[in-house]
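Sequences are here, hints too, so could you generate the full structure?
What follows is the residue order along each chain.
There are 2 protein chains.
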Amino acid sequence: MRASVLAIGDELLSGKTTNTNATWISQKLMVVGCDVVRHLVVSDDEIEIIESLNTLFNYKIDLIICTGGLGPTDDDITRKAIFNFFNSDSHFDNDYWEYLQNKFLSIGYKIPKSNKSQAIIPSNGKVFSNPTGSARGLLFEKNNITLMALPGVPSEMQLMIKETVIPWVSKKSKKQNYSINIRTTGVPESVLFEKINNNNNLDEIKIGYYPSLLGVDIRINGSNKKSIKLFEKMIISNVSEYIYTIGEESLEELVVKKMLNSNITISTAESCTGGLIGHRITQVPGSSSIYQGGVVSYSNKSKLTQLNINSNTLKKHGAVSKEVALEMAVNIRTIFDSNIGLSVTGISGPGGGSLDKPVGLVYVAYCDHNISKVEKFNFHSNRQSNKFLTSQSALYLILKNLIKNEK
Amino acid sequence: MRASVLAIGDELLSGKTTNTNATWISQKLMVVGCDVVRHLVVSDDEIEIIESLNTLFNYKIDLIICTGGLGPTDDDITRKAIFNFFNSDSHFDNDYWEYLQNKFLSIGYKIPKSNKSQAIIPSNGKVFSNPTGSARGLLFEKNNITLMALPGVPSEMQLMIKETVIPWVSKKSKKQNYSINIRTTGVPESVLFEKINNNNNLDEIKIGYYPSLLGVDIRINGSNKKSIKLFEKMIISNVSEYIYTIGEESLEELVVKKMLNSNITISTAESCTGGLIGHRITQVPGSSSIYQGGVVSYSNKSKLTQLNINSNTLKKHGAVSKEVALEMAVNIRTIFDSNIGLSVTGISGPGGGSLDKPVGLVYVAYCDHNISKVEKFNFHSNRQSNKFLTSQSALYLILKNLIKNEK
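Protein chains in written order, with my numbering: chain A, 1 to 407; chain B, 1 to 407.
Because the hints were derived from the structure by calculation, they are not lab data. This one's a predicted model, so the numbers in the text were calculated from it and none came from an experiment. The beta-carbon is built from N, C-alpha and C at its ideal position, and this holds for glycine as well. Any given hint could turn out to be false.
[To be verified] With a Cα cut of at most 30 Å, we get these calculated DSBU-like pairs of lysine-lysine:
(1) Lys195(B) x Lys110(A)
(2) Lys400(A) x Lys357(B)
(3) Lys301(B) x Lys80(A)
(4) Lys110(A) x Lys376(B)
(5) Lys16(B) x Lys162(A)
(6) Lys28(A) x Lys16(B)
(7) Lys229(B) x Lys113(A)
(8) Lys357(B) x Lys257(A)
(9) Lys103(A) x Lys229(B)
(10) Lys113(A) x Lys60(B)
(11) Lys113(B) x Lys206(A)
(12) Lys103(A) x Lys376(B)
(13) Lys233(B) x Lys110(A)
(14) Lys257(B) x Lys174(A)
(15) Lys174(B) x Lys226(B)
(16) Lys60(A) x Lys60(B)
(17) Lys373(A) x Lys195(B)
(18) Lys206(A) x Lys322(B)
(19) Lys233(B) x Lys113(A)
(20) Lys110(A) x Lys322(B)
(21) Lys16(B) x Lys225(A)
(22) Lys171(A) x Lys233(B)
(23) Lys142(B) x Lys60(A)
(24) Lys206(A) x Lys80(B)
(25) Lys103(A) x Lys400(B)
(26) Lys400(A) x Lys258(A)
(27) Lys60(B) x Lys142(A)
(28) Lys113(A) x Lys206(B)
(29) Lys258(B) x Lys301(A)
(30) Lys357(B) x Lys110(A)
(31) Lys233(B) x Lys226(A)
(32) Lys195(A) x Lys16(B)
(33) Lys258(A) x Lys80(B)
(34) Lys195(B) x Lys301(A)
(35) Lys195(A) x Lys316(B)
(36) Lys301(B) x Lys257(A)
[Unchecked claim] Which stretches of chain A does chain B cover? Using the computed rule of at least three CB atoms under 8 Å from a CB of chain B, they are:
(37) 140-149
(38) 380-394
Here it is in C-alpha cells:
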C-alpha cells in the first residue's frame, strides 16, 4: 500500500511550524505495511488544495492522509475544498451541533456560530470520531484512492490515526508487514550501529535507527517474520544492556505498570530536573496509586530544610555530588514513607559549571528497603537536553531495580 | 516572488528525519519577500525526482530550492536526475577535484573515488560554493523558473542559503515582508475569531490563527507595515485579556524574565500537574535565581504532612477545592520562604472524576505578600492535556499578577 501525506497550513509554509505531523504519520503507517511515498504541504487556499489533490490523484497511491485546516475560522478551508473536489453536497448534523454546544458551555463559553462548519456531514463521504477535539475526521473514496482528512493539532491527529486510520490500513494492506521495535537508551546511534553485526544479509527486512533525545529506537520491518525474529535475537545478544523494552511503551509507562503490579510506591527528590521526573511519572494514568509525590529542591536552603540533608555533607561535597544525591534518595523515602526513594542532582547549564563539575554532570540515586546506589553521568549537552537525559536515566535506574527485585 | 522547497530523501518519507530544512528555508525566504507556496518531499529515486520537477515546473513559481541527495554515495542521485531533467551534459572540473583531494588529505584521508561525482559541472547550469562541505550547489534556469540544488546537511545548506540564495533572492524580489505574532491563552480559536472584528478589510495583510495545546497564536503578515500595526492595535483592544505577549516568547520565559528583573522568588505546590510547572519554569536559563523549589503532593497524606494543610479543610472540602488550593499556595510560600506561592489541585483523569467534581476540574491559587486568590477551571480534556492546560493557566496567573504589581 502506498500513501501520501498532504499537510494544509500557511504556518507550515511560512516556517512558523515544522511539519512533524508528516514524520509521525509516516512512522506509524510504515509499521502496518503502508509506504509513504510523498509529503506535500500547501497553503490554506481552496485552489491550491484542489490543484494538489488533482496531482495526487494522478499518482500511483492508495491513500491520502490530509492534515490541517478543519478548524472553525476563516482560514480553515480544507473542508470546503475537499467537498468541492469530491462534488459532495452536505447536511447539518444537529445531534453533533448540540453535543458541541454543550461541550463549550461546560467550559464556560457560548459556542460561536463559526463552529457550525464542524457539524457538517458530506453526502458522499463519511465522518469519523475525534475523541479530544471538535473537528471530526472526513473520509472519501474515488478511483480506488481513499482520502482521510484530520485536524492538524498533533494530539488530536495522533489519537485519530491510532484509533481509526491504523486499524483501517491494517485491514486493507495486502503486504503483511511485521515490525519489531527495540527501544534503547544511554547509547549513541553510531555505537549501536557498530555493535550490531549487520553481515547476516537477512532478506526482506529493513532496519531503521530512530534517535531521539530519550534514546534510539531500532525498528526491524519486513514481510518475513522469521528473518525479523533472527535479527531481533542478534540485536538483543549484542546490545542488551541498553535495551529497556521490545515494543512501543515509554520508560514511564513501564515503570508505573511494574509498580502497580507489585504494589510498590515511590517518591522523588529532584534538583536539576525541576519536577520533570514527577511530571513524566504522572503522565501515566493510574500513577496516583504508586506516586506519593516529592520535593523539588532547587536551592541549597531547601535541601537542608525540606530534605534534611546534613549541612556537613553539603559543605564538604557540594550540592552536586554522589553523597548529597544518596542522602536525598534516602531521606525522601523516609519523608514520604514510600518503598522507593529516587533523587537527581546536577548542573543543567548554561551557567553553574566549573572545571571540576562541568555543565551536564549529574548524579542519580536510588534507594529501597534493601539497597541504595548512585550513578554518575556526564551529558555535555544544553539545559533542556540535560534535563531530559537526566529524567531518562532516573527512570531507567528505577526500571532496572524493579526488574532485579522481581527475580 | 514565489518559491517551492523540494526535499529529496528516503529518511524523510520513512519518518526517520523531520524536514526541518523546509521550515528554516521558508523563514529565511519570507523575510526577503519571497513566499514559499509549496513543500514537497520525494524519495531518492530518479523517476520520482523528475516527475516532481515536471509538476513544479507547471506551477506558478519563480524559484525551486532543492535539498538533499548531493552526497557521494550510491543513494545520492539528485545530481543525475537534475542533469537529465535539464538535458544537461557535463564536464569534469579538474581544479575542484584537486582541491577536494587536498582537503581530504589535510584531515588524514585519501579521497574515495565516489567523491568524483561532486566535481562535475553542468554544461547548461552553474555551480556555487559550499564553504563547509564538498557538494557544491547547482543552479539551473528554464521557463523563467530558477532551480537551486543544495546538500541536505543542515549546517552546509544554511550557510549556502545565507551566502548565495538570500542575496540572489533579495536582488530579484520586489517586495519587503513584515510579520507580527500575538500570543493568547485560555480562549478557543473560534471565540477569538469572533471577537476580532475582521471587517476592516485591510489590504496587503494576511491573518493566521495557529492553535496549540497552550493557546492560539495570531500572526499578521504582509508588505504594508502600517496596515499590520493598525490590525495589531485592533486585536489588542478586542481580546487584550487573553494576550500574554507580542512576540515569540513562551509564558515560562516571560514569567522568569519578569521575576529576574524584579528580584522576586517563587515556590510551587503541585498536585495534579505532578511537577510540570516546576519543570517548565526550570526550562528557562537563570531560573535557579528565582525558583526556590516546591512540593509535588500527589496524596492526601502528603498534603497534610508536607504542606501542613488543615485536616478539617481537607475533610470538609476535599483535596480538589478552592479552600485546599488556597491553603497550599499560602503554606508553600511560608515553607520555602519565597515572595510568591503558587498551587494547583485538580482531577487529571481518566479516573477520579465524579458528577460534582468531573475530570478536568482544576483550582489554581496564587499568593504574595499582598493578596491570595484562586481561579477555577474546567478543562474537560484527557489526562495529558489537562496537565498542560493547568500549567499554562498557572503561569498566566503568575504573569498577570507580576504585571499588576509592576503598576
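Hint-by-hint comparison with the structure:
1. Lys195(B) x Lys110(A): holds (12 Å)
2. Lys400(A) x Lys357(B): violated (38 Å)
3. Lys301(B) x Lys80(A): violated (54 Å)
4. Lys110(A) x Lys376(B): The hint holds at about 18 Å.
5. Lys16(B) x Lys162(A): holds (19 Å)
6. Lys28(A) x Lys16(B): With Cα atoms ~11 Å apart, Lys28(A) and Lys16(B) stay inside 30 Å; holds.
7. Lys229(B) x Lys113(A): holds (28 Å)
8. Lys357(B) x Lys257(A): Holds, because 27 Å separates the two Cα atoms, which is no more than 30 Å.
9. Lys103(A) x Lys229(B): violated (35 Å)
10. Lys113(A) x Lys60(B): Not OK: Lys113(A) and Lys60(B) at ~36 Å, beyond 30 Å, violated.
11. Lys113(B) x Lys206(A): holds (28 Å)
12. Lys103(A) x Lys376(B): holds (17 Å)
13. Lys233(B) x Lys110(A): holds (26 Å)
14. Lys257(B) x Lys174(A): With a Cα-Cα distance of about 56 Å, the restraint between Lys257(B) and Lys174(A) is violated, given a limit of 30 Å.
15. Lys174(B) x Lys226(B): holds (18 Å)
16. Lys60(A) x Lys60(B): holds (24 Å)
17. Lys373(A) x Lys195(B): This hinted pair is violated, its Cα atoms lying about 58 Å apart.
18. Lys206(A) x Lys322(B): violated (56 Å)
19. Lys233(B) x Lys113(A): holds (25 Å)
20. Lys110(A) x Lys322(B): holds (25 Å)
21. Lys16(B) x Lys225(A): Distance of about 22 Å is within 30 Å: holds.
22. Lys171(A) x Lys233(B): Answer violated: Lys171(A) to Lys233(B) is near 53 Å, above 30 Å.
23. Lys142(B) x Lys60(A): With Cα atoms ~27 Å apart, Lys142(B) and Lys60(A) stay inside 30 Å; holds.
24. Lys206(A) x Lys80(B): It holds: about 26 Å lies between the C-alpha atoms, which stays within 30 Å.
25. Lys103(A) x Lys400(B): holds (27 Å)
26. Lys400(A) x Lys258(A): It holds: about 11 Å lies between the C-alpha atoms, which stays within 30 Å.
27. Lys60(B) x Lys142(A): holds (27 Å)
28. Lys113(A) x Lys206(B): Measuring from Cα to Cα gives roughly 22 Å; hence the hint holds.
29. Lys258(B) x Lys301(A): Cα-Cα ~23 Å, so holds.
30. Lys357(B) x Lys110(A): Holds. Lys357(B) to Lys110(A) sits at ~21 Å (cutoff 30 Å).
31. Lys233(B) x Lys226(A): violated (65 Å)
32. Lys195(A) x Lys16(B): Holds, at roughly 20 Å.
33. Lys258(A) x Lys80(B): Violated, because 54 Å separates the two Cα atoms, which is more than 30 Å.
34. Lys195(B) x Lys301(A): violated (48 Å)
35. Lys195(A) x Lys316(B): Given pair Lys195(A), Lys316(B) is violated - Cα atoms ~61 Å apart, limit 30 Å.
36. Lys301(B) x Lys257(A): Holds. Lys301(B) to Lys257(A) sits at ~23 Å (cutoff 30 Å).
37. 140-149: Coverage by chain B is violated for the region 140-149 of chain A (0 residues, Cβ < 8 Å).
38. 380-394: holds (count 3)
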